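All chains, please: the whole structure from these sequences, using the hints.
Protein chains: 2
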Amino acid sequence: MKLNQNIIDMEYAVRGRIPIRAAELRRQGRKTIPCNIGNPQALGQKPITFYRQVLSLLEEPNRIKIERNNQDSHLSDYVLDYAENFLEKMETGMGAYTDSKGPLFIREAVAKYIDARDAKSPEGILHANPEHIFLTDGASEGAKNVLELLITATEDGIMIPIPQYPLYSATIQRCGGTQVNYYPDEENGWTLDREELQRSCDEATANGVNIKAVVVINPANPTGAILDRDSIKQVVEFSLENRLAIIADEVYQENLYGGEFISFASAVKGTDVPLFSLHSASKGFYGECGHRGGYLEVRNLPQVDDNNIPFIDVLFKQASVNLCSNTVGQALMYLIANPPEIESEQYQQFIHERQSILDDLFDKATMVRSAFDEMEGVECFGKTGAMYLFPRLNILPKDTGDFEYCMTLLEKTGLTTVNGSGFGQKKGTHHLRFAFLPPKEMLERVLPEWIAFHKNYIR
Amino acid sequence: MKLNQNIIDMEYAVRGRIPIRAAELRRQGRKTIPCNIGNPQALGQKPITFYRQVLSLLEEPNRIKIERNNQDSHLSDYVLDYAENFLEKMETGMGAYTDSKGPLFIREAVAKYIDARDAKSPEGILHANPEHIFLTDGASEGAKNVLELLITATEDGIMIPIPQYPLYSATIQRCGGTQVNYYPDEENGWTLDREELQRSCDEATANGVNIKAVVVINPANPTGAILDRDSIKQVVEFSLENRLAIIADEVYQENLYGGEFISFASAVKGTDVPLFSLHSASKGFYGECGHRGGYLEVRNLPQVDDNNIPFIDVLFKQASVNLCSNTVGQALMYLIANPPEIESEQYQQFIHERQSILDDLFDKATMVRSAFDEMEGVECFGKTGAMYLFPRLNILPKDTGDFEYCMTLLEKTGLTTVNGSGFGQKKGTHHLRFAFLPPKEMLERVLPEWIAFHKNYIR
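First to last, the sequence lines map onto chains L and R.
Each step along the first sequence adds one to the number in the working numbering, with nothing skipped, and position 366 is 366.
So the working numbering is basically just the index in the second sequence, starting at one, shifted up by 1000.
Mixed in with the good hints there might be a few duds.
[Unchecked claim] Here are some chain L residues pointing at chain R (derived, C-beta under 10 Å):
hint : residue
1    : G16
2    : L57
3    : E91
4    : R174
5    : G208
[As the list claims (entries may be wrong)] In silico BS3-like cross-links for lysine-lysine, where the CA-CA straight-line distance does not exceed 27 Å:
hint : chain 1 : residue 1 : chain 2 : residue 2
6    : L       : K233      : R       : K1031
7    : R       : K1002     : L       : K65
8    : L       : K89       : R       : K1031
9    : L       : K89       : R       : K1046
10   : L       : K398      : L       : K455
Quick caveat, the hints were computed from the structure, so don't treat them as lab data.
What you are looking at is a predicted structure, and each value in this text was computed from that prediction instead of being measured.
In this text, a Cβ means the ideal position worked out from N, Cα and C, and glycines have one as well.
Next up, the structure:
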């Protein structure tokens, strides 16, 4: 039986050979430390109490009354009111299919959240339209739908940064399109400039590729770098001039540790550059990966040529075939968009939990960066964002690459990382991606082991 | 901007023009009765108490201890133990990505559930393999993955029954393959026979189509018919002789109302016919559509030709790009596979709720069938299964079809159904699909209106 060659050929290193080997080791009783994937709760990060209290009530609505009548209830009136209010708006409860885009009141909340996020931008806001927001099962679903819609033939090209999150290369492959690489400037903190974008575009076009869109991941995966205002501007100007859409993967927009996030929604204001912006409940300080919540927001939708069908209707039809995204993920996006109010009983706890998680992540990133300083030939560029560091390995044994490095690191120390080649990288360079999620005590124990391993390995 | 024509062309009537019009009417303040979709909880069906009590605890694990210390807790020790036990096995909790196939312990539970289901079959069981089970976001995801994997070129054909659930036609269209129709025998209760299957296959083959698989939906959607043992046997023999895979959509396997369900897993025993069997948490007596739980079970996997990659690995890679299905849907599949034990405190309530829901559904189907008896030229064939009736409309005004009938029915009575043409039907016939889910009181009110409408409409 012949299978789809695009799927056979597709590569997905984040769940590829190294994590598969790690799973084998665990079955043999070895301890491994999974730094190959941004999965914070698998490494002990606690969920936000408020979110889970609400979700718990949504699954069992009659508990709201029970808790109100229980003088010793551990739940505040605020939580009970919040859940009751949610269920009133979510008329058919958690067990029914919703509108294919997700319930309107959640999309309205997300639109307000986007507006509030962008209110401080120098461009000022252009209100988000709830009808142009689609709730999705994680951000991956949104990304796949957009790519599937844009790729109509082998010569259709999608520009992606190298290194990139392999969802993009895998999906372009699966849809039968052409991957077109551009290279952020590593030594300048992974910044972007128009010359490089234009070079990439022109070379591909000269080879007969019809470029449709440019993917930007900010804060970046795998590099963790945060794009500065100038980089964002260069992407928008480039897209405008070349009539391309922007696919902005902004799932790490709340993983900043002091840097500034500039949204593409604010940056495309005043232009007609089509924008597909993705967000997720899996990342941020919440890290609710398992719940698979997310959204796709679209702006400046172009007319669909020839056949007068509005673009938004085609996106809607695509969403319809999936019926709807899961309601718990939808509820999480609502919670993210609608955190406890400042005057509420829950606010202090919420803020404390959020800040502790972000502080802890930044401390851990700093610990790991310090360890790199003790490793000969290891350099790490860019501001710290997302959940990743992507150090360059300047010294490796002759005729070996980063795959061998990561595999040996796993075998010797249990540390599970992903080789830079799994994300793509500039020819002749070697990297690895490290998700800085393990508890500090674990890092304190394993980082010296890694330093010792490194010294020995590159000798 | 040119979009994927396959997606522009794809049709999905279940969420198509009639439900879109119904939504418009609701916005204008009209009451509508959504019988266009199998979404029981949207029409007042209550969730199974036990399931929701467990899900509620899973979201807020520290409540297990709180409830144990609360003498007035409304939860039984059995529920608390069940949730605690689940969380012990689900080591990383509900907020972490799981294995891409889903956690092993849930797949083991599903394998046992399949074995128990088939234990009574005359063929005897061949144990389900947990490694060949993939937990999915609803059954739709599994169906789409399988079709995407099998369709490699325009001439690749997938046989589907007419009428069919439009997920199949839409996905075949989207993947760029060829839809090949076969026709169950309506007047014989929508049974299948080899001659018709072979005719369909031979005609397509003569036209250059390379048929890869045959889709069977049992109990059927949209007809609600339950396939008898002979029909199942004919499909297996046909597939064996023609070297085809079977895609068995068995999401309604617990919606039987007295009929007998014969699984394809039992029917392919002793053959090498590849089987992809789909199930879902959205249907059955649970009807948890919004939670998007489901699984794909594969049997008799063929070797992948040429390039020695095991088929299962390609399916796994496909699942990996999605990271994992949502954990709450996974937990629901576990609950469905592992109902309360007979000796438990929860058992009586669980059985009572299950039986009430199934009895209520059957009563409602009977009410609607009786109404059909009073409508001239309306005939409904097949045993009642699933959540649907699919009456044939033998009399319609000249030069009109079932679409006009359903649209006018909506405008006049608020009843939202789907026209038979949305599922495909034998040329020259007209039908509609009616999901028999509204509360009895609502049916008692609206069925006479429908009868009156019908009398007037066909005059």
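Handout entry: Interface restraint verdict for G16/L against chain R (beta-carbon cut-off 10 Å)
Key = Holds, about 8 Å.
Problem - Hint validity - R174/L Cβ closer than 10 Å to any chain R Cβ - result: Status holds, d = 8 Å.
Handout entry: Restraint status (C-alpha distance of K89/L to K1046/R at most 27 Å)
Key = Holds, because 18 Å separates the two Cα atoms, which is no more than 27 Å.
Practice task
Quickly compare the C-alpha distance for K89/L and K1031/R to 27 Å and report which way the hint goes.
Solution key: The hint holds at about 17 Å.
Practice task
Grab the minimum C-beta distance from G208/L to chain R and call the hint holds if it beats 10 Å, violated otherwise.
Solution key: violated (16 Å)
Exercise for the section: Take the C-alpha atoms of K398/L and K455/L, compute the straight-line distance between them, and say whether it is at most 27 Å. Expected result: holds (15 Å)
Problem - Restraint status (C-alpha distance of K233/L to K1031/R at most 27 Å) - result: violated (49 Å)
Exercise for the section: Verify the interface restraint on L57/L: the C-beta must sit less than 10 Å from at least one C-beta of chain R. Expected result: With a minimum Cβ separation of about 7 Å from chain R (threshold 10 Å), the hint on L57/L holds.
Problem - Cut-off 10 Å, beta-carbon criterion: hint that E91/L touches chain R - result: holds (8 Å)
Practice task
Assess, step by step, whether the Cα of K1002/R is no farther than 27 Å from the Cα of K65/L, and give holds or violated.
Solution key: violated (53 Å)
Violated hints, in rising order: 5, 6, 7; the structure is consistent with all others.
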